[in-house]
Amino acid sequence: MEAARSPSSLANGKQPSTGARAEQTSEQWRTKYGTRAGIEGTIHQAVGVTGMRGARYRGLPKTHLEHDFSAVALNLLRLEAWWDGHPLDRIRTGHLARLDLSLAV
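Quick note: the sequence shown, position 76, residue 85 per our numbering, numbers continuous.
Treat the hints as calculated values from the structure; they're not laboratory data. Glycine residues also receive a C-beta, built at the ideal position from the N, C-alpha and C atoms. Mixed in with the good hints there might be a few duds.
[Said to hold, decoys possible] Pairwise CB distance ranges, derived in the manner of DEER restraints:
(1) TYR66 - ARG101: 33 to 39 Å
(2) LEU108 - ALA80: 36 to 42 Å
(3) GLU75 - PRO96: 23 to 29 Å
(4) LYS41 - HIS104: 31 to 37 Å
(5) GLU89 - ARG39: 29 to 35 Å
When you get a sec, could you build the whole thing from the sequences and use the hints?
Written as structure tokens, this is what we have:
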């Protein structure tokens, strides 16, 4: 049987340094992380909508064309959502709020 590990320990057994945590409070780090979060969100949307994780075709020209079509499809979806005034992101409801809504009905 394995020994119980604390939930705060990382995979390699080291704790994050206080220097890294202090760096995360700076405005420069937040700006850089915000850019990264936007890029990761776009990739997540591309994978979810177009299945872009793996290419259907072999060869760089065909794969490049597939990625171009996927980008056009994403832009059209975003444009339609903007015109209709509907957010692309789903509305998140917490567990407690869902429980409260189910009891109200």
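Status of each hint after checking the structure:
Remark: the range hint 33 to 39 Å for TYR66 to ARG101 is upheld by a beta-carbon distance near 36 Å. In this structure, LEU108 and ALA80 meet the distance hint of 36 to 42 Å, their C-beta atoms being roughly 40 Å apart. For GLU75 and PRO96, the hinted distance range of 23 to 29 Å is satisfied, since their beta carbons lie about 27 Å from each other. Between LYS41 and HIS104, the C-beta spacing of about 32 Å keeps the proposed range 31 to 37 Å intact.
The hint said 29 to 35 Å for the Cβ distance between GLU89 and ARG39, and at roughly 31 Å that hint holds.
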